[in-house]
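Engineer: Chains as they are written, first to last, in the working numbering: chain G, 4 to 163; chain W, 186 to 493; chain D, 1090 to 1584; chain E, 3 to 224; chain Z, 147 to 610.
Please note that a few of the clues may not be correct.
Claimed, not checked - Under the rule of at most 25 Å between Cα atoms (straight-line distance), these lysine-lysine pairs were calculated in the DSS-like manner:
| # | chain 1 | residue 1 | chain 2 | residue 2 |
| --- | --- | --- | --- | --- |
| 1 | Z | 195 | Z | 179 |
| 2 | G | 87 | D | 1121 |
| 3 | E | 42 | G | 87 |
| 4 | Z | 602 | D | 1561 |
| 5 | D | 1222 | D | 1569 |
| 6 | Z | 179 | D | 1142 |
| 7 | D | 1446 | Z | 249 |
| 8 | W | 304 | E | 9 |
| 9 | D | 1128 | Z | 223 |
| 10 | G | 129 | G | 142 |
| 11 | G | 34 | G | 129 |
| 12 | G | 87 | Z | 179 |
| 13 | D | 1121 | D | 1144 |
| 14 | Z | 235 | G | 34 |
| 15 | Z | 186 | E | 67 |
| 16 | E | 42 | E | 23 |
| 17 | D | 1169 | G | 115 |
| 18 | D | 1446 | Z | 235 |
| 19 | D | 1144 | Z | 179 |
| 20 | D | 1562 | Z | 602 |
| 21 | Z | 195 | E | 42 |
| 22 | E | 67 | Z | 195 |
No lab work stands behind these hints: they were computed from the structure.
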Amino acid sequence: MTLKWRPVIAFFYCQNIPEGGWEERLAIEKKHKGAVRLFPIPCSGRIDGVHLLRALEEFADGAIVATCPPGGCLNFEGNLWARKRAETSRKLIKSIGLEGERILIVEGTAGKSLDLMGLAEGFLQKISLIGPSPVLYPKDMPPGTGVGFSLKGESVHDYC
Amino acid sequence: MNQESRLKSILEKGIFAVTAECGPPRGADPDAVLKKAGMLREKADSVNVTDNQTAIVRMSSLAACAILKQAGVDPVLQMVVRDRNRIALQSDILGASSLGIRNVLCLSGDHQSFGNQPKALGVFDLDSMQFLQAVRAMRDSGLILGGEALTKPPRLFIGAAANPFADPMDFRVTRLAKKISAGAEFIQTQCIYNMDRFRKWLQLARNRGLTERVYILGGVTPLKSAAMARYMKDRVAGMDVPQTIIKRMEGVPKERQREEGIRICVETIAELRELAGVKGVHVMAIEWEEAVGEILDRAGLLPRPSLD
Amino acid sequence: MNRERGFVFPEVIKTPSRFRNPIGKYRLNRSKGCISCGKCLETCTRDVHAMVKGKALVRNHYLCVGYDCENPCHQVCPVKALSLRRNPDFETMGDYRWSPDLLVSAWHMAEFGRPPEKGLEYRTGNSGGGFDKLRILFSNKLKDRVDCNSNGLEPDLAVELNRREDNAHRIRIEVPFYGGGMSYGSVSINTMLSRVKAAKALGTFCCTGEGGYPDELKPYDEHVITQVATGLFGVREETIQRVKIVEFKYAQGAKPGLGGHLLGDKVTPGVARMREAVVGYPLFSPFPFHSVYSVEDHKKHVDWIKAVNPRALVSVKVSTPTDVDMVAVGSYYAGAHIIHLDGSYGGTGAAPDIAKKNIAMPIEYAVPKVHRFLTEEGVRDKITVVASGGIRTPHDVVKIIALGADAVCTGTADLVALECIRCHNCESGRGCARGIATTDPELMDLVGLEWGAQRIINMFMAWRSEMIRILKKLSISSLKDLVGNTACISHIDYS
Amino acid sequence: MITAEQKPIEEIRHMIMPYKKILLLGCGSCVAECAAGGEKETAMLASALRMAAKMNREDTLIQEKNLDRQCVRDFIVQLDGIIHLYDAVLSLGCGAGVQAVAEIFPEVPVIPALNTEFLGQTKDQGLWLENCLGCGDCVLYYFGGVCPLARCSKQLMNGPCGGSRDGRCEVDPETPCAWQLIIENLTRTGGLERLESVFPPKDWSRKQGRGPRKIVREDQQR
Amino acid sequence: MPAKYMIHAGQTPDRFETVTKSGIIAWEEGCLKCAVCVKKRCVYRVYEKRGLDALQMVDSVDNQCMNCLRCVQGCPKELIHKSVSPEYKALGDEYWSAEIISKIWYQARTGKIPVSGAGYPGPFSGAGFDSMWTDMSEIVRPTRDGIHGREYISTAVDLGGTPRHLSFGIEGALEVPTPKVIDMPLPVLLRVPSVGRITPNLISGWAVAARRLGIFLALGNEHINAAPGTCLSSLMPVVEEESLKCSAYPGTKIMELIMREDTHRVAEMLKTIKEPEFISVRIPVSRGVDDRALALAKAGLSIIHLEGTDDGRFLDDPTKSIKDGIRSTHLRLVEAGLRDAVTLLASGGMAMAEHVPKSLICGADAVFVDIPILVALECRLCGRCGEGLPCPVKMDKAEPVWVARRVVNLMAAWHSQLLEVMGAMGIRDARRLRGEAGRAMFFEELDRSTFANLGKTEEGCELE
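Generate coordinates for the entire structure from the input sequences, incorporating the hints supplied.
Structural biologist: Written as C-alpha cells, this is what we have:
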C-alpha cells in the first residue's frame, strides 16, 4: 500500500443544474478515480448539514456543494437553505478545529454554465493545500494508515 | 448639624431652587468627594449624589452623601432599584436618615448592560414608583412594606425623576401624576435642550394641576463640545438634543465650544425661571463641576439665599 | 336532458380537495421582500392569493394557470416578491396514461364541475398511442352545415341499454357512461357509496364488483348493477332479484384470464362477512367459470339469471383477446343485452404487472373489431356495446363511441375524482394511503360520503358538458349518430 | 415553550473529556421546536464530536438516540438496558430533561449540551422571543396582555422608564418597549385607567426562593 | 408427467440501500413541529425508518416512500416536496431502463411477481417485444384450481432435435434411434453477462443457481474453474472453434460453440465430438440469420443459439429486434419442415419475465438470461467497472450463497409470471407455446388495420 495521500472530496450537486448529467459525472469519476465522490441530489435543498458532516467524518477531506443560481431553484428556495446549512456546518467544523475551507458552497451564475469538473479540480487543489483531513488522518499518523474511517466494518477506501 | 433639608426649605419658601450633581469617585478616596463639595458648596442649595450612575461601580452614594453632609453640603441621596432588593433599599433609607441625610431621589437606574458590570443581575425587585411609595409610607406612616411598624420613621424629603422627552409623550404626564401620588415631593427632570417639548409637557402637567402638587426642578447640563451634543443625542437613552442646538455648537470653533455650552445653559435657565410651575433648576455638569459656579453666577442665581 | 321524462341533472357544487395543499401544475413563491400591498390579490382573478391578518400569502397555488395567465401577478408585483415555476411535485405524479395534467384536470373538474380553462392539457395523456394519438376531427364540411342543434335542445347523450326489446326492463341511462365494478374490499364502502350515489344523481348505474352487495347500497337498488363473477362472493338470489342489471364477469381487462385475488390483509371482518369468508385469509376468484366452456354453457348461465330475475338486463363483461369479436357474438346468441369489453389498460386493485402490460389488447382495437363483426352478423342493433379499460376523459368517451361503442364504463376516473393519485399501491400496507381503495377503518374515513359523491357528480357533469360541446361542434344531435362514425375521428399517424 | 441553544462545542468537549462511551440524547419536544436539541441537531453534534475525537486520536465512542420527551419518566425509561452501555449521557434536552434523565439513571453522569434559555414564542421563522417569566402569578390582565416583567428590561411595573424612545427600549433598540406596547394595547382595548394607580410590588415568593416550585393536582394523581 | 416443478424462493435482502424513484425534499427550517405531524401520519411509517447511509448518502426515507404524497399535501408549511431521485434517473440506459432494473431488484429480493394496483401506467406500445401483446382465452383454461393449483402447467422444454416422425417395426419396436433430448424444467438458460466485472464468487453463485433451477449456466473457458465441482453438470462451457478439440469438460452435458465460418466444416467437426452429448451452435442475429440457421439445420445441427445484442437487436441493424430474428428463423424452419429437428435458443436483451413467453411465441424454444442475473445482484449497469472505477455496490464482495439465492428468486418470479401468461392463454405446456404467433397480437398490424381508415384531415379542419 502506498502511503501517499490523495485528497478525497464529496461533491454534492443539484441535479437540475444543466451540467449535472450522467456524462459529466462519469467524466469526472473517470478522471479522478475515487478522489471525487459525486452525489447528485434532487434539489440542493435536500442537502442537510448532516450530509456534509458525515461525509467529512467518514471519507472525505472536503465537501463541496454546487447549487443552481440564486432565484433559479425549482423549489424556489432550496439553494438558499443549502447555503445556510453549509454555513452552519462550516461553523460547526471550525468549532472543533477543522478548517472551515473544507466545506465549500458554490452557487451557479444565471446564464453561465457551472463547470463541475473545474470546480472539482479547483476544490481538490485547495484541499491538497490544506492537507489531509485530521479526522481521517489523525495527528502523528501518516496518511494511508488512518483507522478512523471505517464503516460497517469495511474500509471506505475499498470503495474509493 | 442642620437637621432639615435645605432643598425643602428653599422650595417651601418659594425661592427658585438650585441643585447640582456630584458623581462619586471610582475609588475609595474621600478627598475626591470633598473636592467636589468645595466646588459646589455655596453655589447649590443641595447636591445630588449619583448612585452608580450608568451602572459603573463607584463609591456608594450613601457614603458620599455622608461625606458631603459632614462638609456642610445638603446632599440628595440618589437611590436606584437596580442594585438592591426591597430589604436593602428600605434599610439604606433608614441608614441615610440616621446619618442626617434629608433628601432622597428614587430612581430606576441605568440598565446594568450599559456599565462596566454587564454580567450583573439587575435586581429591579421594586420599581422606582413602588420604591417612592415605600419610602413615603416609611416616613409618613412609619411602616415598611408588608405593614410592620418602624421604631422611628426616617425624615426625608422625597424626590423622583421625570423625563419629559421620552415616549409615549401622552403617558409622561400620567406617569408624573403617578409618581406624585406615589409620594414624590420634588421632581428633577432630564436635561432640557428641547424647550418646546418641555413647555408642552409642563403645560400638560399644569392642566392636571400637578405643578401645584410637586416642586419641579428643570434639569440642565452644559455641553462641553459639539461632539458631546451629538453623542448625547445619539447615544444617551432618553435624551433629546434638537438639531438647532447641535448646529449652534458646531457653529463655533472648537476652543470656544465650552463657552457656547455654558451660554446655552444659562439661556435655558433663564427661560426656565420664566415658566410657571418650574420651581428650580438642577445643574448636572457631568465631570465638570467647576463650571457650575460660573453658570449659576451668569444666570443670576448667586449668591444663594441664607435660610437662617 | 332527457326529453321525454324531463330528467333533472344534479347541481354542481364546488367541492375542494380534502388535502390542505392541493397540487397544481404551478407554484408561486412569495419571497421575504413581500410588502403585503395586496396588488396580487387585485390582479388575480382566480383566488390564488389571500390576505390573512394583514399578510399576503399564496393560498391556492393549484388554481394558478401559470404561463397561460393573462395578467400575471408576478409581473405586477411592485417589489418583485413573487416568482412562478412549474411545480416540481407535479412532475413526480402520474404516468404515461394518466399524465399529471390529466390528474390535475380531473381534480379540477371534480372541484368545479367544469374543465380547466387554461394551463392544463385535459384531453389526452402521454401514452403515445391509442386515444392519445386519436383526435376528434371537425371537418370543413361542418362549417357549412346548418346547426342541427339550433332548435335549442342539447344533444341527447342518453343510451338505451335494452336493445333486444324483450320483456326485460327498458333502461335508459342519461349519460353514456356508468360505473364499472369495484368490489367491496378492493375499495372502501365510502368509495362505493359515493359512486353509486353519484350514479343515481346522474341517472345512470354503478356496478358492485364481485365482492358482494353491501346493505348500505340498498337505497340505491334502482341504480346498482350487481356482478356475478367466478368467486360468486356474496351472490345470492336475493341480490340478483334486487337489481335491474346483472353483470357476468368473465374476465377483467387488467388481468385477463387470471381471476381475482384479494390479499389477506384486505379481508377485514366486514369484507369477510360480505363474502362469507374468513378474516385475514386471501380470497381467489378462479378463472374461468368452471361451468362455462362453450357458448351453450354460457347461455345456460344467462338463462339462470333470467330465471331468477326475469326482467333483469344481462351484461357480460369480457376482456379483449384476439377473438373478442367471436366472444361478443357468442354473448349475443347466449342472450346478453350488454356486451362489456374491458380493455387491457383498465384498472385493478392489484394485478401482476406482466398481465397489465402484456395480456390482451387495448380497448381501442377491440371496439372497432367487435362493432364491425356484430354489424356484419346483423346483430349490432340488438346489443349494447359498452367499452372500458382506460377511459379517462370525455374525449376518450367520444373517441371510443366513434369507434363503435354505445357507452363506456368508468372506474379509475371515479377514483381520481376522489383524489386517487395513481401511486399504484392499492394493495400494499394498510391499502390506499389516500383512503379510497382500502378497508382500513381509519384511512377509509378520509373520504366523506357527501364529499365523494359530489366530486364524482361534478366531474361527470364536466364530462357531460364537454361532450355536449363536442357533439354540437360536430353537428350531431344524438349520441346514437356518433356510434361507429369513424369519420369524426382521426389518428395522427395515419391522417 | 422552553427554548435553548447549543453550548459552545469547546465546553461540551471539555465536559465529556473523561468519558469513553457517550450517548447523545436528543429530545423531540420544546428543544426540537427551537432547533436546538432535535433529531437533526443531535445528528450534527454527534458527527462533529466524533470528528473532533478522531482528530485528537481519542478513542471515544459517540452514538445518538432521540426521545420524544426527556422530562417524562415514561419516555426516559426507554433508555433502560441501553444507557448502561455508556459512560456518560450528553443530553440535548432542556435543564429539566437533563435532570430528569439523571434522576432516573443516577449511576450514569448526564451532561447538558444545551443552555436552557427562556419561555417564549416563535416570533418568526428562526426567531424565538422571551415573553413569559413563569412568575407563578400572572399579571397580563393588568398590562394589556404584555408582560412587563418578562419584556421590560427593568421589569418596571409602573413604567415606562425615561429610556423609552420611538417605541423602542433603551437597552436594545431592536426590542420594542414593552410599556409602549402595554399603553397601546390598553388604549386600543380599553383599560388604560388601570395604569393610573401605582401597581404594588410583586410577590416574588411565587417565583423563587423556596426551593423548587411544585404543582400538585390531586385530581390528576393516582 | 414429471414431479411438479417448484422453485423455492425466499426473501434475500439487498446489501445496499436500494435506489428508488422517490426523492424527498423536506425542509426543517420553518417546521412547526405540529402535534400530529404529517410525517407521523405516514401510512407507510417512512419517516420512522429514517437513517442516513453515509457511504451512499441515501436517506432511507427516500426509498421507503410509496409516493402517496400525503405529506406533501398535508404539511401546513408546505415544507415537503417530491422529486425523482437523480440516482434513479442515472440507472441503466434506454433499453435497460431504471424501471426494469428496479423490478429485477424487487424480484431478486423477494422471489415474488411484481404486483400493483391501478391500470398499466406505461406507454401504449413500444419497440421490440413491447410491440406485441399475448393473448388470453375467455372461457377455457387448463387447470381448475388456478395456475398454482394441483393441476400442473408445465414450463419444461427440450434441448435437442427430434425426428419428424417415429417409425415402428412389425413387432412394435422403434425403428429410428431414440431422440436425444435434454429435458429442462424452465425455458431459460443462464449465461455470464458480457458486462460487469465477473468474479469467481459470481460464477460460483450462478452455477449453484443453475443447478438448483435444473437449468444451465453458459460460461466461457476462463470461468469454468470458478464453479463448484458439484455443479459441473449444470454448466454449458462456451468455446471458440479453434479450442473446441482440447476443451472437453468431463461431466458436462452440453457445450456451446461460437461459430465463425463455414457451416459444413463445423458440422463435420462436431460429428467427431462424443462428449458432451449436446452442442449448441451460436450464431449472431443479423441480416440473413434465418438462412444461416436453416443451413445449420440442414447440416444436421440440432441446437442453434441466436444471439442478439445486449439490448435485443440485430447486430447489424439497430432498427430490427431480436423478436423479428427469432420469428423469421422459426418460420423459415417450419417452411423447410425442419422445425422439430432443431432447438432454437435466443439471447440478447432478455430483461423481463414477459420476454420469455414472447420469445417462445415468436418461435424460440428457450432463452438465455444474462444481464438480469447481474442486475439481480444490485448491479446498476452504471458501467463504472468497465472504466476501471469502483463498483457502487461492491460486486466483488457478493457471497456465492447470496448470489445464488438472488438469482433463484429472480427465476422463481419469472417462472410464476410465465405461468400467468400461459394460464391466461389457456396453454398448459411451454412446448405448445412455441411459435403460437396466432395467440399474440402485433402492434403494427393491429394499429394499421384499426386506425388507417379513420377520418382524414384536410386543410383547415380542426382537431381536438
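Engineer: State the violated hints by number, sorted upward, taking the hints as numbered earlier in the document.
Structural biologist: Hint check: nothing fails, all pass.
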